[in-house]
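K.L.:
The chain contents come next:
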Amino acid sequence: MSMVRFDQVAKRYSGGKEALAGVSFELERGEMAFLTGHSGAGKSTLLKLMMLMERPSRGQIFVDGQNLNRLTPSQIPYHRRKIGVVFQNHQLLFDRTVYDNVALPLLIAGYNHMDCARRVRAALDSVGLLGLEGRKPVELSGGEQQRVGIARAVVNKPALLLADEPTGNLDPDLSEEIMDLFMRFQQVGVTVLIATHDISLIESMNKRRLILEHGMILEDRHVF
Amino acid sequence: MSSNRRNDPRAQVGASLAERPAETRSRPESGPGALQQHIGFKDKLVAGFLHHQMVAVETLLQLLAHPASSLMTWLVIAIAVTLPGALWMSVSNVEQLSGSIRESGRITLYLNDTASNEQGRQLAATLERLETIDEVIFISHEQALENFRRTSGMADALDLLPGNPLPVTLVVQPASSLDATSIRSLSERLREYPDVAAAQLDMAWLERLRAWLVLVQRMVWVLGGLLALAILLVVGNTIRLAIAARVDEIRVSKLVGATNAWVRRPFLYTGLWYGLVGGLMAWLMLIVLWLLLKQPAADLASRYGSGFELAALEPAAAMVLLIGSMLLGWAGAWWSVSHHLDEIEP
Ligand SMILES: Nc1ncnc2c1ncn2[C@@H]1O[C@H](COP(=O)(O)OP(=O)(O)OP(=O)(O)O)[C@@H](O)[C@H]1O
Ligand SMILES: [Mg+2]
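Keeping their order, the protein sequence lines are chains A and B. To convert, note that position 212 of the first sequence is 212 in our numbering; the numbers rise steadily by one, no gaps. To convert, note that position 60 of the second sequence is 60 in our numbering; the numbers rise steadily by one, no gaps.
If you're looking for bench data, these hints aren't it; they were derived computationally from the structure. Some hints here could point you the wrong way.
For the chain A half of the interface with chain B, some residues (derived, Cβ under 7 Å), not all of them [claimed, not checked]:
1) ARG58
2) GLN91
3) LEU104
4) ILE108
The structure presented is a predicted model; accordingly, all values stated were derived computationally and were not measured. From the three backbone atoms N, C-alpha and C, an ideal C-beta is built for every residue, glycine too.
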């Protein structure tokens, strides 16, 4: 059973704009893929559909074997706990410490304090930020902030990791560092899907590429 | 320290990854489907309880961390609770006071024209032995005439009459333990006595007071209802602002899997704290009010020859105010949360 399956998925926003027009693809467990395409091609929309931030107008999406169309609103939070997400504008809480930011998903899932502390340390360690628990995000560089966002996304050990422009604001060196981090998560078995503009960055990475254009998959370049 | 890491990020990340706990590294072996964390029902229950506890403490600390703005809301609630509380206190005091006014329940018995002074005296003695009656004042034909002469100012007209038209009169003071309905039924029974022509119950004054009390009590309820609405609106609005200030946090929480109940919880506790602390402050205000009025009220009463003492709000009533204000705080928060929170989606 694949981790993610899109089956003729279309999304038309209420404004009448068709962001996706019949997209089908599968992501195997432990696979890593990039989602590219011009601005407005529908990359963010595709990720939002997986998080149930939007509902598809047509077609079916399966995540971890679960048909998302069948999920009721009260089941959505539990679905979201299975997925780690990283956004370009990292969505950190700036009045909280790094620790509190990373611990948030665990707190929500009901972990006790000891487990929580252990997992937060492990997550911060895995992004190379151990020791910064007590800092506020404003006291960190852009790259460090992005890594805090990644730590939060992986702290719950999700099976699926989604990232929308995770390197958008970062210089090339930092971007490479972040991508490297994602590769390492794939190496420990996480399925990773990253939407990005940055063709030059992923060119060298030898990973599968899904190219969106005007809401359709123009090219699905597998790497073997 | 962080600049170090920046200089050699790859090495750092690699090194730390190598040290990742075994559970993380072993994930690929655990196979498909085993990736999702499963937490037992009991653990969830305990975690839920702990979260309630944590949120309760955190929201209180949060309120105490901004004393100026919290105090405003608390004072508004306290005043809104104190007003009906003070009225309630006054009403129950006046009620108590009215019970202690003896003259108000007097029954005047007019005997038949044919009844003699002697018969009247006998009846008075009989009645005085009844337990429901404290005292009977006997007024003879002659005394009645004399009283009438003095009070009516129609002495000359009376002289024109052939005989004495005024009956023997008995003024009955019911036992102080009797309430208004018992006094009324006593008066009914006295009317049945053979020599009694008419019984007149002098309760008008008391009844007027009772009518006032009913009116004021009704006013307490109306006022209480309006002020309860005010508390709802004040807490609702305060919570609305709190929600607006934390939109980002709510979005992020929902994005990482927070349920609506989880997101709601801190706001509901905040409402509860507003109500509870506001109610406690109101209680304090009512006690201060009582302390301030106690002495003047006793002075006033002593001038009327009464030993009346202003009673404080009974603990049960204070409890009602406290719990009521707590529930109102919670309801205000709930009302606001159900309007504004569920709309915030990531
Ligand atoms: N909430 C919305 N309501 C209406 N239209 C929307 C909404 N979100 C996105 N769109 C439209 O859908 C199309 C796809 O948007 P989307 O954000 O998925 O593109 P994208 O590939 O992520 O672009 P970018 O690279 O600029 O982030 C765009 O034309 C956009 O205008
Ligand atoms: Mg986008």
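K.L.:
Flag every earlier hint the structure violates by its number, smallest first.
P.N.:
Number 1 only.
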